[in-house]
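Asks: Spelled out, the chains give:
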Amino acid sequence: MLNGKKVIAIGERDGVPGPVIAECLEGAGLEVVFQVTECFV
Amino acid sequence: MNFENQGVIKRLADQYGPENLAVVLGNGEASGVEVFAETVTEGDPSYAGPLAGVSLKIPVYHVLEEDVMAVVPEAIREEKLQLSSLVIDVEPMRQVLQAAREKL
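As they're listed, the protein sequences go chains C and U. Sequential numbering from 4 applies to the first sequence in the working numbering. Sequential numbering from 1296 applies to the second sequence in the working numbering.
Note that these hints are calculated values from the structure, not bench results. No residue lacks a Cβ here, since even glycine has one placed at the ideal position from N, Cα and C. Don't take each hint at face value.
Looking from chain U toward chain C, a few residues come up when the C-beta cut is under 10 Å (computed) [stated by the list, open to error]:
| hint | residue |
| --- | --- |
| 1 | Met1296 |
| 2 | Ile1304 |
| 3 | Asn1322 |
| 4 | Gly1323 |
| 5 | Ile1353 |
| 6 | His1357 |
| 7 | Arg1372 |
| 8 | Ser1379 |
| 9 | Ile1383 |
Quick list of in silico lysine-lysine cross-link-like pairs, DSSO-like style, CA-CA up to 27 Å [stated by the list, open to error]:
| hint | chain 1 | residue 1 | chain 2 | residue 2 |
| --- | --- | --- | --- | --- |
| 10 | U | Lys1352 | U | Lys1305 |
| 11 | C | Lys9 | U | Lys1305 |
| 12 | U | Lys1398 | U | Lys1305 |
| 13 | U | Lys1352 | C | Lys9 |
| 14 | U | Lys1375 | C | Lys9 |
| 15 | U | Lys1352 | U | Lys1398 |
| 16 | U | Lys1398 | C | Lys9 |
Chain U on its own, in the form it takes in the complex:
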């Protein structure tokens, strides 16, 4: 995750409290998802960004996970997510994110 976005997330966590936040990703491929999850749960694994050593423990989801899709109104879901859900294989990402959430 780039440093600018890490800085924004750190500021939002300070403002709202990390327990009141959730991150929802839209990645097209599984590579990188684990690093995203680690960055906002345990801290920046590269130890270079604003979240280095900052354990926010914010739960991370993918927008195409069944539980997330279920809360989106059907009309919006069909218009905005249906095509993506056909071409993006969310299952490997769901497994990575589920494992990360279980560690919180």
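If we strip away everything but chain C, and leave its shape as in the complex, we get:
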């Protein structure tokens, strides 16, 4: 599924922030090439 993919992590301030997604996926051995936290107001 995500195996071998380069990951773009788009988090949300009121959900899971980008750095947390990146940390989780890097911990799984995946390469995160961009991470950001969007804010919907």
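Chain C is fixed; fit chain U onto it per the hints.
Replies: Just chain U now, with coordinates in the frame of chain C:
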């Protein structure tokens, strides 16, 4: 999705090839998820951003989907995602994203 991030994704797709990319979202609510998915699969539905008319067909997942959570080491999952998984209802988002992935 804001135009700045659309531009970054377009550049990364040019650099790595869209077939080598996946998007993982962290949205707290289902509203907006469908637009995110459409933007990186079919193109910007508002026809205003850098991805207007650009069909990248990048698969989109939510970080709290079972299949994604399963690859995260248990210690990190418990520390970073457990609380979110209790308060965020991921199922409606999983259904939207699954439907979008099946169209790829």
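Asks: Hint by hint, note whether the structure agrees.
Replies: Here is how each hint holds up against the structure:
no.: 1; hint: Met1296; result: holds (7 Å)
no.: 2; hint: Ile1304; result: holds (6 Å)
no.: 3; hint: Asn1322; result: holds (5 Å)
no.: 4; hint: Gly1323; result: holds (3 Å)
no.: 5; hint: Ile1353; result: holds (8 Å)
no.: 6; hint: His1357; result: holds (9 Å)
no.: 7; hint: Arg1372; result: holds (7 Å)
no.: 8; hint: Ser1379; result: holds (5 Å)
no.: 9; hint: Ile1383; result: holds (6 Å)
no.: 10; hint: U:Lys1352 to U:Lys1305; result: holds (12 Å)
no.: 11; hint: C:Lys9 to U:Lys1305; result: holds (14 Å)
no.: 12; hint: U:Lys1398 to U:Lys1305; result: holds (20 Å)
no.: 13; hint: U:Lys1352 to C:Lys9; result: holds (14 Å)
no.: 14; hint: U:Lys1375 to C:Lys9; result: holds (21 Å)
no.: 15; hint: U:Lys1352 to U:Lys1398; result: holds (9 Å)
no.: 16; hint: U:Lys1398 to C:Lys9; result: holds (21 Å)
In the structure shown, no violation is registered for any of the earlier numbered hints.
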